[in-house]
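Novice: Sequence:
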Amino acid sequence: MRYTLAGALVIDGRERRPECQIVVDGDGGWIEAVGSEVTPVGAVIDAGDALVVPGFIDVHTHGGGGFALHTESPGEIVAYARWAPSTGTTAFLINVIGVPGGLPEPQLLAAVDAIERCSEGAEPVGIHLEGPYINPARRGAHHLSWLRRPDPAEMERMLELSRGWLRLATLAPELPGADLLIRQLVDAGVTVSIGHTDATYEQARRGIELGIRHATHCFNAMPPLLHRAPGPLGAIVEADEVTGELVGDCIHVLPPAMRVLIRALGPNRTVVVTDAQPAAGLPEGATF
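Under the UniProt record's numbering, the residue at position 159 of the sequence shown is numbered 159, and the numbers go up by one with no gaps.
No lab work stands behind these hints: they were computed from the structure. We put the CB at the ideal spot given by N, CA and C, even for glycine. There may be inaccurate statements among the hints.
Claimed, not checked - Derived CB-CB ranges, DEER-like:
(1) V186 to R259: 28 to 34 angstroms
(2) R259 to R14: 18 to 24 angstroms
(3) R157 to A50: 46 to 52 angstroms
(4) V125 to P267: 17 to 23 angstroms
(5) P85 to E209: 38 to 44 angstroms
Please take these sequences and the hints and turn them into a complete structure.
Specialist: The structure is reproduced here in structure tokens:
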């Protein structure tokens with residue numbers, strides 16, 4: 001079935017396009033045509049009050065709608081994938097964090113199972129491993145018992161369990177042994193991210209030289225940029241090859257600081273994320 005969204009404001013990542021007609025192939029799930037001069041086809045839906053944007057790809061989320069992504073249940077991840085399009089998300093990384101006294105092996109297995117069985121809703125495109133090799137001084141909401149010292153054998157085990165689906169790994173490059181992990185992950189084709197870090201500017205630069213190409217929730221869980229101690233933020237902004245996450249809720253980072261980072265990194269290096277928790281999107285008073 002083909003239908004038309006009429007009069008929508010379209011923001012396609014490059015420009016704002018008002019009063020657009022959007023012809024959709026409802027059976028195939030494809031947009032056939034977009035433009036102010038496009039002739040409507042099929043049923044016409046008034047979208048004059050609507051903002052139409054590309055689907056959101058969330059590379060840093062812990063869940064939403066009452067569903068957790070760090071879970072031993074593949075079905076819970078699949079349920080999140082069905083819920084996520086209600087928020088505009090069409091693809092996401094499954095965020096796995098540390099666990100007390102060991103490695104998150106059941107959670108990695110559940111993530112791989114969910115990726116391979118998911119057939120509707122938002123698409124899980126891989127795994128984001130946030131920890132366990134992060135700095136205790138900047139652990140944020142990560143419990144101290146979840147953290148571990150960098151260990152190449154442990155990382156190799158998690159790479160094996162991920163079966164090629166580990167896409168992003170957050171670590172603190174200043175930790176003893178982190179250099180080896182950065183090289184190991186880069187060799188495995190994983191994007192390495194600096195995050196939950198107390199690194200100096202020099203330590204962050206060293207990590208970037210070794211292969212770090214991303215920064216987890218800039219400003220949060222890291223030292224601030226100071227004029228005599230530029231810290232990781234100084235290194236992140238300075239390195240054109242590094243992209244930086246920005247939690248876009250205006251609470252983790254206030255709008256003036258958000259604008260500063262966006263101007264410093266530019267639109268092609270700024271990655272807006274939710275860092276959402278399983279309770280995100282639920283009404284007040286809801287339990288799960």
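Novice: Each hint needs a verdict: does it hold in this structure or not?
Specialist: To see whether the hints hold, each was checked on the structure:
1. V186 to R259: 28 to 34 angstroms: 32 angstroms, holds
2. R259 to R14: 18 to 24 angstroms: 20 angstroms, holds
3. R157 to A50: 46 to 52 angstroms: Since the Cβ atoms of R157 and A50 sit about 47 angstroms apart, the hinted range of 46 to 52 angstroms holds.
4. V125 to P267: 17 to 23 angstroms: 21 angstroms, holds
5. P85 to E209: 38 to 44 angstroms: 40 angstroms, holds
Going down the numbered hints, you'll see the structure goes against none, and every one checks out.
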